[in-house]
Amino acid sequence: MECVVQGIIETQHVEALEVLLQGLSGVPKERVRVHELCLKSGPSLVIQGSSPSEVRLLCDLAQSTPSWTIRHVGGSMRGAGAEQISVLVRAIVESKASNNVLRYFYGIGYKLDHELLKIGFAFRFHRGAQITVTVTSVNKLPKLHATEEAVPITPAIQLVEITAPAAADNYNDVVSAVTAFCEYLAPLLHLSKPGNSTGIVPTAGTAAASLMSSGGGKTL
Amino acid sequence: MPPVKWLMHWHPNPGATLNSQILAEASGCAESLGGSKDGRWKTSIIFYRAMARDGASAGAGGAPPQQPPDVPRELLGVALHERPGLYFSILRSHRLVLQADAAFPQVMEKLQSYKARVTLNFEGFQYQLGDFCLRIGKCVPNNSETLRGIMMEVEYYPLSSIEKSRAVMEDFFDIWQETLAKKSLPGHFIHVESNFSEYGLSDHYSFQHTAVQYATCLQQLMAAVTVRG
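Heads up: the sequence lines are chains A and B, in that order.
Residue numbering for the first sequence follows my numbering, starting at 1 and increasing by one per position.
Residue numbering for the second sequence follows my numbering, starting at 1001 and increasing by one per position.
Okay, chain A solo, but in the shape it has when bound (with noise of 0.2 Å):
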């Protein structure tokens, strides 16, 4: 399991960000570049329920040697509970593979369905609960495969992503520690349940000078 939210920021205030991300989780930024296909199954296979099955292929380019992670997500928690809490908890399976695993899975019937390039930083630090935060620019790929022509999909904006791993027994615990962590970042920018965009701060152009004038660190 996982609880994750999503928010988007103006590019312009990026970096803004980051010196507040450095500031409240004392690690140094990781480089994010991973390049993401998501595979549908193709019309030979059945799936129960008649949707077809969707798997994610994540390959991690931002090593000197590419590594890669499968990664299916399952469905959300749903329920009176789940409608009251700010953060989405869903199912997740991760397992990291050998290279040679679209291969595999285009053998076994699936079908790219889209690509996708993620490029940025990430910064992993515990707090209340292990947290990633990632900020990204989503890239499309013109051509199959060709991450080196990938181009912004919004170049004006990137995504925010909070993710922490959780289990059935501390769901609560996890889903607390992100929201509290969510309320640092108000300032620039509102995190909420994928799909429930809240759009832009329409402030946070004041709080990212004050962030860069200030070196960060400070509260704001």
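Among these hints, one or two may not hold up.
With a straight-line cut-off of 16 Å between C-alpha atoms, the simulated EDC-like cross-links for lysine to aspartate or glutamate are [to be verified]:
hint: 1; chain 1: B; residue 1: 1115; chain 2: B; residue 2: 1074
hint: 2; chain 1: A; residue 1: 193; chain 2: A; residue 2: 161
hint: 3; chain 1: A; residue 1: 40; chain 2: A; residue 2: 18
hint: 4; chain 1: B; residue 1: 1005; chain 2: B; residue 2: 1203
hint: 5; chain 1: A; residue 1: 29; chain 2: A; residue 2: 15
hint: 6; chain 1: A; residue 1: 111; chain 2: A; residue 2: 36
hint: 7; chain 1: A; residue 1: 143; chain 2: A; residue 2: 113
hint: 8; chain 1: A; residue 1: 111; chain 2: B; residue 2: 1070
hint: 9; chain 1: A; residue 1: 96; chain 2: B; residue 2: 1074
hint: 10; chain 1: B; residue 1: 1182; chain 2: B; residue 2: 1025
hint: 11; chain 1: B; residue 1: 1110; chain 2: A; residue 2: 54
hint: 12; chain 1: A; residue 1: 40; chain 2: B; residue 2: 1070
hint: 13; chain 1: B; residue 1: 1042; chain 2: B; residue 2: 1082
hint: 14; chain 1: B; residue 1: 1110; chain 2: A; residue 2: 94
hint: 15; chain 1: A; residue 1: 143; chain 2: A; residue 2: 36
A few chain A positions that, by computed beta-carbon distances, are all more than 12 Å from chain B [to be verified]:
hint: 16; residue: 31
hint: 17; residue: 114
hint: 18; residue: 140
hint: 19; residue: 157
hint: 20; residue: 176
By construction, these hints were calculated from the structure, which means they are not laboratory data.
Quick caveat: nothing in here was measured; it's all calculated off a predicted structure.
Built from N, CA and C at the ideal position, the CB exists for glycine as well.
Mind docking chain B on chain A? Use the hints.
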């Protein structure tokens, strides 16, 4: 890099059956050669069957397919005793061996495109014999004691090159066969020859090589069962 390993399986003489006596005699041979028993081992192979539309899977049988088959009817999962954190999946039709981690079966369960049907366990005792490690075991379906095969692993610690180790492995195999022949058992061990280069594997031995050997061993075991009826 793991050391080189050969897999061998028991090939019964025509008309002969498998029984645990063969297993006991083979274990006795390992000890007579100076092997010291060193614990148990278990490797599992899981058969996955495609949830395919009629006629869409290769080898579906029955009436001719309406369209060319484009998904393999089955794939194999391999969980090796020496690396419980890893999981291998083999597409024999594509000569492809995927290395993943132990969460991979959960991914397949969520995807529901291929479902695990049968698990076969290869299990037994292992023996340290100088630079060699012998693992002698039975092949049984999960939760059953029905003997489906007898096989062994021979691992040679000093070398990881398949070619460089060939001579010493052949010599060991000859000694093993001679020792076992004195027991006058109704059959003999056969070395599982796998075409590693077809799977894109190099001369340097790896866990993927072992996974491929198990897939080949299984194929030969199943063929032997079919021949015996």
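Problem - Pairwise hint evaluation, residue 94 of chain A against residue 1110 of chain B, where the allowed Cα distance is 16 Å at most - result: Cα-Cα ~11 Å, so holds.
Handout entry: 12 Å Cβ clearance of residue 114 of chain A from chain B
Key = Non-interface label on residue 114 of chain A holds, nearest chain B Cβ at 18 Å vs cutoff 12 Å.
Exercise for the section: Could you let me know if the closest chain B CB is still more than 12 Å away from the CB of residue 176 of chain A? Expected result: holds, 27 Å
Exercise for the section: Please settle this one: residue 140 of chain A was flagged as non-interface, so is its CB more than 12 Å from every CB on chain B? Expected result: holds, 25 Å
Problem - Given hint residue 1074 of chain B paired with residue 1115 of chain B - CA-CA distance at most 16 Å - result: holds, 9 Å
Handout entry: Given pair status - residue 15 of chain A, residue 29 of chain A, alpha carbons within 16 Å
Key = Cα-Cα ~12 Å, so holds.
Exercise for the section: Mind checking the alpha carbons of residue 40 of chain A and residue 1070 of chain B for me, to see if they're no more than 16 Å apart? Expected result: Holds: residue 40 of chain A and residue 1070 of chain B sit about 15 Å apart, inside 16 Å.
Problem - Hint consistency between residue 1005 of chain B and residue 1203 of chain B [alpha-carbon to alpha-carbon, up to 16 Å] - result: holds, 12 Å
Exercise for the section: Assess, step by step, whether the Cα of residue 1110 of chain B is no farther than 16 Å from the Cα of residue 54 of chain A, and give holds or violated. Expected result: Between residue 1110 of chain B and residue 54 of chain A the Cα gap is close to 9 Å, so the pair holds against 16 Å.
Exercise for the section: For the pair we were handed, residue 193 of chain A and residue 161 of chain A, check the Cα-Cα distance against 16 Å. Expected result: With Cα atoms ~10 Å apart, residue 193 of chain A and residue 161 of chain A stay inside 16 Å; holds.
Problem - Distance restraint between residue 143 of chain A and residue 113 of chain A, which requires alpha-carbon spacing of 16 Å or less - result: holds, 14 Å
Practice task
For the pair we were handed, residue 111 of chain A and residue 36 of chain A, check the Cα-Cα distance against 16 Å.
Solution key: Holds, at about 14 Å.
Of the numbered hints listed earlier, those contradicted by the structure are 3, 9.
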